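Going line by line, the protein sequences match chains A and B.
Residues in the first sequence are numbered from 30 upward in steps of one, following our numbering.
Residues in the second sequence are numbered from -15 upward in steps of one, following our numbering.
No wet-lab data here; the hints were simulated from the structure.
Some clues are possibly wrong.
If you want the footprint, here are the derived chain A segments under chain B, 3+ residues with CB under 8 Å [claimed, not checked]:
hint, stretch
1, 55 to 68
2, 118 to 130
3, 133 to 139
4, 204 to 217
5, 260 to 270
Over the 12 Å line for every Cβ pair with chain A, so calculated as not near, a few chain B residues [stated by the list, open to error]:
hint, residue
6, F15
7, F135
8, S142
9, M146
10, T169
11, K178
12, G184
13, Q266
14, I277
It should be emphasised that the depicted structure is a prediction, and the values quoted were computed from it without experimental measurement.
Note that beta-carbon positions come from the ideal geometry of N, C-alpha and C, so glycine has one too.
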Amino acid sequence: MTQFLEVDNLTMRFGGLTAVDGLSFKVNHGEIHGLIGPNGAGKTTTFNMISGFYTPTEGQVRLRGENISGLKMYEVARRGVVRTFQHSTLFAELSVMDNVLVGTHMPFRPNIFAAIVGWDKDDRHGAEARAREALEFFGLDHLRNDLAGDLSHGHQRALGMAVAYASHPDVMLLDEPFTGMNPEETRQMMGLMRKLREDGITILLVEHDMQAIMGLCDTITCMSFGKFLAEGNAEEIRHHPAVIEAYLGGARHVA
Amino acid sequence: MRNLIILLAAVAAFLALPHGLSFSQQEVLVFLTINILLVSSYRLLTLTGEWSLGHVVIMGVGAYASALFSKKLGVYVPVSILLGGGTAALLAVLLSFPLFRMKGFYFLIGSFAAGEIIRLLWKRFRDPFGGAKGIKGIDPMPDFSIGIYDFDFFEPISYYYMSGAVVAFCLWILWRIEKSPVGLTFHAVHWQDKLAEASGVNLRAYRTLAFAIASGFAGIGGALLAHYIGTINPNSFDVEVMVFVLTWAIVGGTATFYGPILGCIVLTVLNEIILREMGFEQMRPLIYGAIMILSILFMPKGLESIVQRIFSRRAPDGVVKQEAAE
């Protein structure tokens, strides 16, 4: 059986530095999969290779059996793998609604000639409806006329996910979604991710916040110095000796 | 209803305007309509965040193409004007391959270099471009009558009405594009190209699209100019003209659709009425430079920001740019 999303022997070299070295793991459909590791382990590099931001030096990323490594980011996105960014990467100068409308670019592809003549009314209404749906899903509907740059940090993170969600993704790649959030915001964000999973969206996330990762992920892949270290559910990873050693150099606690 | 009245008033003003002016001022009015199209098309390119220094040369491509189509191939002039725009857009698509490997400042320099190459090609090849002397005796627009008004294109008023109508139609198209999802995507490409790409936007395609549309309309503007003055040469499209376009756009501001148009009108009026009447014509580059510096220092968001302040009861457009300082 072909795997849903499969990372196979992925390698990335920057000059003499091997940031990711022969990494392989599989993501099952409909699960929340966490990718963890100490600082500099190559998590974000892996992420950038899956999303098409980097072209891997070696190895493949396969989606439903199709090799998607080396494709441009928008081509990967059009196959249903949509990413978010670290920090609050948004169209800060545009309204919240316009941000999400950009997210509907794939399901409602703009057509310039229809737009000039005015034959794209259905598409515009469809895009608007989808954008409203995404905003309501993330509880941002009441802010839709505000500028994205004026939102609070938590709302900006949620908006970043709403932009990705608006495009009907199959897989969402979330790059450190809990960074800079207080415990309350983290809890809300975890609830939203579970809701996304119920929606049938597969989530792959890179994260430092162990509390969130352990409470949320169905499967966790741990890497260290660019190499695969361990894989399993939260309980297995928590007690895996190699993981504990990688994080704390032999001490007992992970979190 | 209110919009209809405004529209009717605008049309009436457009029709009445040249009758109170002298012959040379009527001629300036023709250039003004063409320059408005030029600077508005330039704004469409700036929506994607790229500033070009080759826009005036691209306009010249439209002028040369239309002149050659009508002169050498005997194409009917209104058709050749459209073909001129098409040629400019096509050339922009070709230029996009080398140019859009660059962004920002590098694109600015690259577009300048590309423009100079085109201009020097016109100078170098006497056949068909006429070398440094350019093309003379370009066919004028054929006269025609629409029943209530006879267009006689040796009269600037007639040409003003015709080019004004063409420019108004082009502006309408540009407006529709900007207010469409395509326009939103241009903004997205400008503000966060990585996030736009992650949303499935083909950045190269959209940058090229904006460049081609802007160039196409600039080409139409150039063709209108060529068939009016009847003679074009490489120096009509040199970088000095480009500096004027930049000045109009920066003084007017590029955050709104009307900003560059406002800049173009105000500076043309200033130029023609004040400078020429007072005999300061020779100092035009100096005064333009001073105006540009002063407007960047004291009015970084352009004339449009003053208009917005006057109508500040209305909510802002959502898009607040600060590009003037660039």
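Hint check results:
1. Closer than 8 Å: that is the beta-carbon criterion, and the stretch 55 to 68 of chain A has 0 residues meeting it against chain B, so the requirement of 3 is violated.
2. For a cut-off of 8 Å, the count of residues in the stretch 118 to 130 of chain A with a CB near a CB of chain B stands at 9, and the three-residue condition holds.
3. For the stretch 133 to 139 of chain A, the stated coverage by chain B is satisfied: 4 residues place a CB nearer than 8 Å to a CB of that chain, which reaches the threshold of 3.
4. Residues of the stretch 204 to 217 of chain A with a Cβ under 8 Å from some Cβ of chain B number 0, which does not satisfy the need for three, so the listed coverage is violated.
5. A count of 0 residues in the stretch 260 to 270 of chain A with a Cβ less than 8 Å from any Cβ of chain B is obtained; the coverage claim is therefore unmet, three being the minimum.
6. Every CB of chain A is more than 12 Å from the CB of B:F15 (nearest about 27 Å), matching its label as outside the interface.
7. Distance check for B:F135 against chain A: the nearest CB is about 27 Å away, which clears 12 Å, and the non-interface claim stands.
8. Every CB of chain A is more than 12 Å from the CB of B:S142 (nearest about 28 Å), matching its label as outside the interface.
9. With a cut of 12 Å on Cβ distances, B:M146 stays outside the contact zone with chain A, its closest approach being about 22 Å.
10. The claim that B:T169 lies off the interface is violated: its Cβ sits roughly 6 Å from the closest Cβ of chain A, which falls inside the 12 Å cut-off.
11. Not every CB of chain A lies more than 12 Å from the CB of B:K178, the least distance being 7 Å, so the non-interface label is violated.
12. Residue placement check: B:G184 does not keep its beta carbon more than 12 Å from all beta carbons of chain A (closest about 4 Å).
13. Non-interface call for B:Q266 relative to chain A: holds, since the shortest CB-CB distance, roughly 42 Å, exceeds 12 Å.
14. With a closest Cβ-Cβ approach of about 26 Å to chain A, B:I277 is found to remain outside the 12 Å limit, as its non-interface label requires.
In this structure, the hints that do not hold are numbers 1, 4, 5, 10, 11, 12, in rising order.
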